[in-house]
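Spelled out, the chains give:
Protein chains: 2
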Amino acid sequence: MQRIAIIGLGLIGSSIGLALKARAKDVEVVGYDIETKVQNQAKKDGAIDRAEWRLPDAVKGADIVVFAVPVPTMKELFTDVAPHLKPEAVITDTATTKREVMQWAAESFPDTVGFVGGNPLAGGGKNGAANARADLFVDAAYAVMPSTRAPERSVKSVVAMVEAIGAKPYFVDPHEHDTAMAAVGHLPILLSSALMMATAASPSWREISKFAADDFKGMTALAGTDPQVSAGIASSNADMLVYWLEEIIRELTDLQKMMAHESRSEKDGPLMQTFVNSWEARKRYEAGVTMLDFTRPALPSAGDGMVQMFLGERLGRIFTDAGKRANDPTQYRR
Amino acid sequence: MQRIAIIGLGLIGSSIGLALKARAKDVEVVGYDIETKVQNQAKKDGAIDRAEWRLPDAVKGADIVVFAVPVPTMKELFTDVAPHLKPEAVITDTATTKREVMQWAAESFPDTVGFVGGNPLAGGGKNGAANARADLFVDAAYAVMPSTRAPERSVKSVVAMVEAIGAKPYFVDPHEHDTAMAAVGHLPILLSSALMMATAASPSWREISKFAADDFKGMTALAGTDPQVSAGIASSNADMLVYWLEEIIRELTDLQKMMAHESRSEKDGPLMQTFVNSWEARKRYEAGVTMLDFTRPALPSAGDGMVQMFLGERLGRIFTDAGKRANDPTQYRR
Chain C
59 MQRIAIIGLG LIGSSIGLAL KARAKDVEVV GYDIETKVQN QAKKDGAIDR
109 AEWRLPDAVK GADIVVFAVP VPTMKELFTD VAPHLKPEAV ITDTATTKRE
159 VMQWAAESFP DTVGFVGGNP LAGGGKNGAA NARADLFVDA AYAVMPSTRA
209 PERSVKSVVA MVEAIGAKPY FVDPHEHDTA MAAVGHLPIL LSSALMMATA
259 ASPSWREISK FAADDFKGMT ALAGTDPQVS AGIASSNADM LVYWLEEIIR
309 ELTDLQKMMA HESRSEKDGP LMQTFVNSWE ARKRYEAGVT MLDFTRPALP
359 SAGDGMVQMF LGERLGRIFT DAGKRANDPT QYRR
Chain R
59 MQRIAIIGLG LIGSSIGLAL KARAKDVEVV GYDIETKVQN QAKKDGAIDR
109 AEWRLPDAVK GADIVVFAVP VPTMKELFTD VAPHLKPEAV ITDTATTKRE
159 VMQWAAESFP DTVGFVGGNP LAGGGKNGAA NARADLFVDA AYAVMPSTRA
209 PERSVKSVVA MVEAIGAKPY FVDPHEHDTA MAAVGHLPIL LSSALMMATA
259 ASPSWREISK FAADDFKGMT ALAGTDPQVS AGIASSNADM LVYWLEEIIR
309 ELTDLQKMMA HESRSEKDGP LMQTFVNSWE ARKRYEAGVT MLDFTRPALP
359 SAGDGMVQMF LGERLGRIFT DAGKRANDPT QYRR
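Heads up: the sequence lines are chains C and R, in that order. Sequential numbering of the first sequence, starting at 59, is according to this note's numbering. Sequential numbering of the second sequence, starting at 59, is according to this note's numbering.
Treat the hints with caution; some may be incorrect.
No copy labels: a pair is met if it fits in one copy or bridges any two.
Said to hold, decoys possible - Okay, derived cross-link-like pairs now, DSBU-like style, lysine-lysine, Cα gap no bigger than 30 Å in a straight line:
1. K268 - K214
2. K133 - K315
3. K268 - K226
4. K118 - K315
5. K341 - K102
6. K275 - K341
7. K184 - K83
8. K268 - K184
9. K315 - K268
10. K101 - K184
11. K184 - K315
12. K214 - K83
13. K214 - K315
Since the hints were derived computationally from the structure, they do not count as laboratory data.
Could you build the full structure based on these sequences and the hints that come with them?
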C-alpha cells in the first residue's frame, strides 16, 4: 500500500486524486486544502480517501507528496512540511513554472528527499474542484523535471504515478519548460486578461457586451484563471513573459500600421498576407505540422500540394491569386 | 410560396438554408456558391432546394436575397446582381461589419429594393459548410440594420426570416454595431492571429509547440478564420480596430512594466490587482453583470456581497487580504 498526499484540491489536485482512485491499485490518497468546503467535497467525491486538518498530518508517512497549489504559496508550504516528511519521501508539484520551484525545493528539503517537478498539460481554461475528472490526464503530455539531486527511485515513483493517471511523461529541462510555457501557456493568459480589461473598462461596455458572443467568450476564458495562479505565473516567469509580450506588441503594432495605411481596395496587400500566414500557421499547428519556415516566400506557388490539402478549392484560389498578385475583377464570378 | 436566395454557402449561408428548410413553411431556398463542390454539397445536405450555376439566375424571382459572403467580395456582387433583381426584392447580408456594406447597398440598388443589413451573433470560431447546423441560430442575437430607404415591408420580411431560423432580432445603428463588433468580435481575431504569428515564427517553435495544450488551441482558434473574412474585417473596420489595438497594446505594456519592476515577494502588488480585476470582469460578464465601474477602488471591501458570491471562501479571502494590503505570512496556513 502506497500513500500519496495531495496538497491543494483544486482542478488538478482533485483530478489526480480521482484518477488515482479510479485507475491505480493499492494507493491510499490523503488530501489537504486550505478551504474546508473543498476538502470535504473532495472526500465526498471520492478524490481522496481521507482529509487531514493540519498540513503536517497530511504529509506524515506519505510516500509521495503532490503540491497542486498556486506558485506564490509553494515556497512557504515546502518550508512548513519539510520537518514532517518521511526520510525517503518523494515530492512533486504541478505548477506551470518550474525554475523558482526547483530552487525552493533545493533550499527546503534534505538530500534524502527526492524532488521531481511536474506539469500536466491538461485542464486548460478551467478552475476548481467542480470541474475535476478522473480522465483529465488521459493521453495528455506530462512534463517531468527531476532535480539534480533526485535519486533514481524518486524519478521512477513520479513516472509511475504519471502513467497511473493515464498521462504520458515527457522529460524536459526546467529552463526549456519555462520558456515554452511562457509562449504557449502563460502569454495566452495575459492576452485573455488584457482583452477582458480593455473592453470591460470602456464606458460603452454595457452596450458593447450585448454583441459579445462565443468568440469573445472563448478568447476571455483564460481571464477567468484563479488570479493567484495568474499572478504567480507572471511573477515567477516574468523575464520570459517580458520577452514574449514584446513579440506580441510588435505583431499588434504591425497590424495597426497596416490598417492605418492600407488602401481598402488592396485585395492582396500586406494585411491579407498576414492573415493568410497566421491562418496557415494555425492549420499546420492543428495538423501537427510544426516548424513553419517563415524564410520562404510568404505565399507559396499554386503547385504547393500542402496548400490544396489544407485550403480546398476556393481558399486555394485566393492563396494562389494573392501569390500571383492577380487582381482580376472577374475572380469572384464563375 | 416565398423564394429565398442564399449567395455564399459557407457556415452561415448553409446554416440559414438548413434552418429555413427545417423550421419555415412554404419557402423555396435557391443557393449559389463560387465553389462547385460547396454548392453540390449544400444541395445534398438539404440546405438548399436547388443550386444555380449563374449568379443572375440565382437571384431571379427571389423575394429575399441573403448575401453570406466575405466583405471584400460584397460590393462587386451587389453590382452584379442589381439588374437581375425582382423590383420589390428584399436584400440582406450577414457580414460582421456594416458601414461600408450599407453604403455599397445604397449605391448599387434601386429605391424599390429594400436593403436591411444583418449580423447573426453565432458560429464563432468555426468556418465552412461542414460545420453548418439547422440550430446554429437558435436563441442567438441577430443584429438588424435597416437602410434609411428600406420600406417597412422589407424590414418585416427580414425580421420574419430571422425569427424563422430561431434567432432574436436586435435593432441597432450600423455605426454602433461596428464599434461593438470591433471590440468583442474583431479584436479577438487580431489577438488570436498575433499570438499564432508570434509563437510560430520563433526558431524554437518545434520544441515550444509540444507544450501547446488546450489553452493555446483555444486562444489561436480564431486565427483559423477564413483569411478573406479577417482581411475584410480589418480593412472595413480599420478605424475602430486601430483604436482598440491601441487600448490592448496599452494593457500589455502596463503588464510588461509591472513584470519588469515588481518584486517577487509582493503578494498583493499591482500585478495581483490587475489579475483580480480582469478575473472579476470575466466573472461579471459570464454572470451577465455588465458595466463594471472601474472608478471605484480596485479592490472592494470584505463586505461586498458580490465578491463572496463570485469567489467562494479562499478567493474571497485573497481578495479581502489584498484589499487590506495584508501581508500576513500565516495566511496560507489553517
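Results of checking the hints against the structure:
1. Taking the shortest Cα distances, K268 and K214 sit within 30 Å of each other only across copies (23 Å), while inside one copy they are farther apart (53 Å).
2. When the C-alpha separation of K133 and K315 is checked against a cutoff of 30 Å, the pair qualifies only between copies, where the shortest distance is 25 Å, while the shortest distance within a copy is 45 Å.
3. For a Cα distance limit of 30 Å, the shortest separation of K268 from K226 across copies, 12 Å, qualifies, whereas the shortest one inside one copy, 42 Å, does not.
4. Within a single copy, K118 and K315 get their C-alpha atoms no closer than 60 Å, and across copies no closer than 43 Å, so neither meets the 30 Å cut-off.
5. For a Cα distance limit of 30 Å, the shortest separation of K341 from K102 across copies, 27 Å, qualifies, whereas the shortest one inside one copy, 43 Å, does not.
6. In this assembly of identical chains, the alpha carbons of K275 and K341 lie at most 30 Å apart whether taken from the same copy (22 Å) or from different copies (11 Å).
7. Taking identical chains as interchangeable, the C-alpha atoms of K184 and K83 lie at most 30 Å apart only when both belong to the same chain, with a minimum of 28 Å there against 43 Å between chains.
8. Within a single copy, K268 and K184 get their C-alpha atoms as close as 24 Å, and across copies as close as 20 Å, so both meet the 30 Å cut-off.
9. Taking the closest pair of Cα atoms, K315 and K268 come within 30 Å of each other only inside a single copy of the chain (29 Å); across copies the shortest separation is 32 Å, beyond that limit.
10. Proximity of K101 and K184 under a CA criterion of 30 Å is satisfied intra-copy only: 21 Å inside one chain copy versus 40 Å between copies.
11. When the C-alpha separation of K184 and K315 is checked against a cutoff of 30 Å, the pair qualifies only between copies, where the shortest distance is 28 Å, while the shortest distance within a copy is 35 Å.
12. Within a single copy, K214 and K83 get their C-alpha atoms as close as 17 Å, which meets the 30 Å cut-off; across copies the closest is 66 Å, which misses it.
13. Neither within a single protomer nor between protomers do K214 and K315 lie at most 30 Å apart by alpha-carbon distance, with minima of 53 Å and 42 Å respectively.
Hint compliance for this structure: hints 4 and 13 are broken, all remaining hints hold.
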